[in-house]
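Could you build the full structure based on these sequences and the hints that come with them?
Protein chains in written order, with the working numbering: chain A, 6 to 420; chain B, 6 to 420; chain C, 6 to 420; chain D, 6 to 420.
Since the hints were made in silico from the structure, they are not lab data. This list has only true hints and no planted wrong ones.
Which copy is meant is left open, so a pair is good if it fits within one copy or across any two.
Cut-off 30 Å, straight-line C-alpha distance, at most; resulting in silico cross-link-like pairs (DSBU-like, lysine-lysine):
(1) Lys90 / Lys48
(2) Lys259 / Lys101
(3) Lys272 / Lys282
(4) Lys203 / Lys316
(5) Lys275 / Lys55
(6) Lys384 / Lys355
(7) Lys254 / Lys403
(8) Lys203 / Lys78
(9) Lys411 / Lys90
(10) Lys162 / Lys203
(11) Lys78 / Lys59
(12) Lys48 / Lys23
(13) Lys214 / Lys162
(14) Lys90 / Lys282
(15) Lys207 / Lys78
(16) Lys258 / Lys101
(17) Lys254 / Lys220
Number of protein chains: 4
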Amino acid sequence: MRIAVIGGGSSYTPELVKGLLDISEDVRIDEVIFYDIDEEKQKIVVDFVKRLVKDKFKVLISDTFESAVVDAKYVIFQFRPGGLKGRENDEGIPLKYGLIGQETTGVGGFSAALRAFPIIEEYVDTVRKTSNATIINFTNPSGHITEFVRNYLEYEKFIGLCNVPINFIREIAEIFSAELEDVFLKYYGLNHLSFIEKVFVKGEDVTEKVFENLKLRLSNIPDEDFPAWFYDSVRIIVNPYLRYYLMEKKMFKKISSHELRAREVMKIEKELFEKYKTATEIPEELTKRGGSMYSTAAAHLIRDLETDEGKIHIVNTRNNGSIENLPDDYVLEIPCYVRSGRVHTLSQGKGDHFALSFIHAVKMYERLTIEAYLKRSKKLALKALLSHPLGPDVEDAKDLLEEILKANSEHVKLE
Amino acid sequence: MRIAVIGGGSSYTPELVKGLLDISEDVRIDEVIFYDIDEEKQKIVVDFVKRLVKDKFKVLISDTFESAVVDAKYVIFQFRPGGLKGRENDEGIPLKYGLIGQETTGVGGFSAALRAFPIIEEYVDTVRKTSNATIINFTNPSGHITEFVRNYLEYEKFIGLCNVPINFIREIAEIFSAELEDVFLKYYGLNHLSFIEKVFVKGEDVTEKVFENLKLRLSNIPDEDFPAWFYDSVRIIVNPYLRYYLMEKKMFKKISSHELRAREVMKIEKELFEKYKTATEIPEELTKRGGSMYSTAAAHLIRDLETDEGKIHIVNTRNNGSIENLPDDYVLEIPCYVRSGRVHTLSQGKGDHFALSFIHAVKMYERLTIEAYLKRSKKLALKALLSHPLGPDVEDAKDLLEEILKANSEHVKLE
Amino acid sequence: MRIAVIGGGSSYTPELVKGLLDISEDVRIDEVIFYDIDEEKQKIVVDFVKRLVKDKFKVLISDTFESAVVDAKYVIFQFRPGGLKGRENDEGIPLKYGLIGQETTGVGGFSAALRAFPIIEEYVDTVRKTSNATIINFTNPSGHITEFVRNYLEYEKFIGLCNVPINFIREIAEIFSAELEDVFLKYYGLNHLSFIEKVFVKGEDVTEKVFENLKLRLSNIPDEDFPAWFYDSVRIIVNPYLRYYLMEKKMFKKISSHELRAREVMKIEKELFEKYKTATEIPEELTKRGGSMYSTAAAHLIRDLETDEGKIHIVNTRNNGSIENLPDDYVLEIPCYVRSGRVHTLSQGKGDHFALSFIHAVKMYERLTIEAYLKRSKKLALKALLSHPLGPDVEDAKDLLEEILKANSEHVKLE
Amino acid sequence: MRIAVIGGGSSYTPELVKGLLDISEDVRIDEVIFYDIDEEKQKIVVDFVKRLVKDKFKVLISDTFESAVVDAKYVIFQFRPGGLKGRENDEGIPLKYGLIGQETTGVGGFSAALRAFPIIEEYVDTVRKTSNATIINFTNPSGHITEFVRNYLEYEKFIGLCNVPINFIREIAEIFSAELEDVFLKYYGLNHLSFIEKVFVKGEDVTEKVFENLKLRLSNIPDEDFPAWFYDSVRIIVNPYLRYYLMEKKMFKKISSHELRAREVMKIEKELFEKYKTATEIPEELTKRGGSMYSTAAAHLIRDLETDEGKIHIVNTRNNGSIENLPDDYVLEIPCYVRSGRVHTLSQGKGDHFALSFIHAVKMYERLTIEAYLKRSKKLALKALLSHPLGPDVEDAKDLLEEILKANSEHVKLE
Ligand SMILES: [Mn+2]
Ligand SMILES: [Mn+2]
Ligand SMILES: [Mn+2]
Ligand SMILES: [Mn+2]
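Laid out in structure tokens, this is it:
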């Protein structure tokens, strides 16, 4: 089996490869082939990767996207359209308009999506015509891209991943001294806009204990997070990104008074690549980079797609009845039963009105943005921006859009 | 036939009675009976009304709610829970927290709803047990109350009305020199959160002409309203109350720099009641009061419920398939085929994603608020406030709720 | 305005033209153009029609389907694919297998549908590419064809008609000495498989009176129809064609011991065409032909599509929420609000489980038959036949299908 | 943990106990308590059971239903309302009217259901008020009873079981030399009216191979079963009970020319109970009794409800999105993910139109029958019978119902 990794020059690549090494005892991996438009960065990473892998499987570099995916059974998307330069704009421009500047949420997620769509469209088309491989996507905004691919490009073998669910599971497992597989959640929402209603560990409903734990933590760090009453009131564990929606003013202050995360990451990456040139083990600095456990999420998913065990993974896919009071065609981040290449959603009952309030609004925004892209329409793009809970007021919308489009003119053109 | 008017002391009453006089040639009205907790104001109004009605039908005053509704075929709710004093709080308190202070929208609508629910619950219960009359509701927030009555109290013969749809129809009719009945709309949404996708006059699709007209008007008054590009982009006519969502900052500035509308209305009402004491015709000053054509909406609805002609009315009722991509049970403001006591919704196809983004979010807020009321729960009330697009951030939510509850402590208690 | 009539040589044509003459005072008809593959029969009919019409509008004959429809605003389909010869097979072949032989129901309707689909496909395609006219369809099986056109050919301006609803309305109007427009029904189902739950006359619910009337009639003619207890039990008025489902054995005996209806009709038509050669008024013999009031249904529908009055018509169209517990995309026979070219379905609440039992089963059969046709697949055709409540057992299915295909080999080929 | 077995005197009991013995190494079973209205038969069986169990867990007999269930975590329903005498009527009466006489299907299933409902209603009520145990139901008609309990009695912890799915899985496993857990199915429908679209073994799609196998078998025994072309045409594996629908005449001949199965079973049971008096091992004769693997189905289900492994079981439960084009509330027989007391349905995509044709019709019949029972209404019972694809024509319906009600007058009364 060949696995293609698109965005091979990512600083995450070594961790991903470690994940693949871990599962290579359960499933047979013959080759891992890398592709990146930044050949230089990729060279550094892949050379390091070869030292890690030794002869467990072949490590290859491809000159073109097509030759990477043509014989692949799995294709992992982890490229960053527009690079960290693009992210810098996503984070910086909204701030000028008094809006949250964040890589995946709100206006920043909007420009990131517009940059990603043309590449995704081309890449998915190539995979469809060649290997018909299963695509595992980490490229952000991951859920928005999955909505695009599943409902508009209509390519079915596309699974959106994020490391938030697995990290939450890991935290729970740690609290209760359990294994990852002992944790089962009633979990739903959009990527970076998800909600957890129930937590089970080894079959026991520990939801109340988790709330107590959360409140305890919050009471120690009152300024950093939701107040303790928040969980008493809402009774749902929210994705950390909900802070941007629920504490918009505070979060705006916080991020506008710090250096942009993009610039921090640039520095971290610089150091990392220096290390990669000679490293034989994954350097500790990688943990600063974020993205914890993302390799575990991907590697375990591949393992469970390749075997007939039947395991639960929380991924972005079409609802198909999982949340009874959301439409079947919404792409959601939900637990699925994964077995031998099939991904079945699990019935979870009804979703909470509080959660649905955000999920619906942002799903409508997602679709408007996709339609704006597909029609290359500035008018529809404005409509999309105005529909977002964190989007601009009418007064600023036009200037903001123009500035975004100017900054991203190499990547996408709307008229 | 007897018609009961609850809130008989309203300054609108004379206009309503004029509407009833207009239809009294088409349908037989024997008696109109008034009930108000403010007996003094009601006395002034009803005395004036008697001078208007002469002997066209009997004009009565009831001592109790029950005796007013017991023999009624229609009950009109037009009372204002908490009076203008209550409205003053609804408008004033949010402003202190940097939030829109508006009678029906956002936080102000939240406190108005909490004041209304206990009275509505009691009144609907009495009607159910006595006359089983059809209730026509103008009490605000009219759509939210209809959601409460239809889906939670499960009383079916309850129709929510507002004068926005009929005024829009009147404007269109004027532009095209047509009659009200010549206008047909693709219209949907929540009360004060509604959207018009298509306008037909005498069967002709004039939607583009209406957009041109709107843009022309906007270009003359650039500071007062949406910019002209707004309609080019959104391609939906929005309810005027959408300004609060789409131009939140501007509207906040505007309303926070003026006297509260509640106080203006107090003055207008004072003058009006002075006039009513002696008037024999409706005084011109009533037009300043707002509420234009509300009597036409109610009177025509009663006429068409009483006859077998089959006419279209835009009312608040359960969707039941009218908008294909909204759940059947959402109470929406939509066109209905009204005939002999029956109200059938009409299929209108799919709703636009932009419109749905707001409709879904606010419907979820509506339900959370109702659930908070039914459980008398402060915790759920906080959850409801946090879910509203115009609601507070987490930092302010608790103080805001406490202030609202304190100001309304005579009307509702949450724990 | 031009109206095209396809199947101009039908013996019904003069009655249709009379209907058009009736509405020609309300809507402007410039030309009616006829097309038929049987030019000889058409010549006789159209010459007669010209005598009827005088100079109220132009009466034309077209050489081709395309030239008939190209400038038409309405196209009326009333042709019979395969003629009465085809019908003879539809009625005769099933009898050999112990099955109901009926023109539109069960196995006979299956072969009629297979003959119709290729012609409908071609004709609808031509209309789509030329005039984009509204097609009003009487060609049987009318509902099945509407399912085909709306859901598979995806042509929207296609309305399936039948004279059963208007005749039922006429009967009710007669019983209660009312006008057609005074009658309003809760009516739903498939064409020739429809159900009436409620009858209103001038706004009054007369359902119980109608049941009493039906039972009275039945008690006088016990052998001909449902027993009186039937309506006490089922509490729904059923389309007369339900006899084939509910009294299958009795109906089989009845039809297998009479001459085939196709042959009777051949004789009637022969006489009729003899009369048409010289007639100046519609001959009384036409009433024997069946099809009562079908011209009224079509003419009134055109009138109400052309005007802005807003009237109710029971037609075959997509459910779109009319019956809450049936899917939106089922083509049903239901009341619609017709106004200025638009057809809106009306919310009617839930359908009864008894009715739904038949509606679902036959709708699934309809779709299987359409899919068999689209793939020209004998295998799928067998599957369709086996799914029909009046279809063959497995033992007979193959022979039956072969005999049907042989008899219809000029019209449709499956492999 | 205590398990209560209702219908302890069943001849199946020893096999069930063997199943419980098998899982008693994985889950802790403290006591199994039996209850039966036939104390004599139960005594014989339980004495035998005690010899089987030795001291693995306590074996108890309860005098009352309530004392059996009050401390139970699981309650297994395997009683036969009306006993074999009741079954004799279910099978014999329909034959007199030319209808299929079968214990669970068609008219026989109807009378069995009417006998079962009052007992089920009382028993479920008692469980709800006492232990709130999970009920595992084998009492027939198992799916119909589950529809009754889940949707009308609204008791959630009720799972309908049948041995058809596990036997199918066993057969497949044997063909492919695999384990039960290696088989995964796209399976849906009603109990005894189910359909298999896809078969996977160890992750491989072996559906085509299964069809070839079925056809091979059929070609060897042409008179006993579907012809080989059937599977080529329908492309779905059907539950053996579909024979009654698809080969009604042939099956009628077959069953009406043999002794009633009820009488055969009476003889087998007599012999069996003779053996049970002295047996220490399960006698071979039990295999003649039918019901193969039913104990495995129940025991494995309990094991997987008690553990956190997450396993697939095909059970009767609410659809909840599993089959996308069937309503969420239909009780279906479908694969579920069973883990720590929770039962999640799995998304399986759309159901085939052929399958849906039968599923819908019989589900509507099920609901009509339940409503007839709840209202104790003969009229509704007639309506239910008329709606069933294997039910009587109108001519016979009344006599048939009267005869059924007379034969079952001790169990149920309708008016
Ligand atoms: Mn992420
Ligand atoms: Mn209003
Ligand atoms: Mn017809
Ligand atoms: Mn069974």
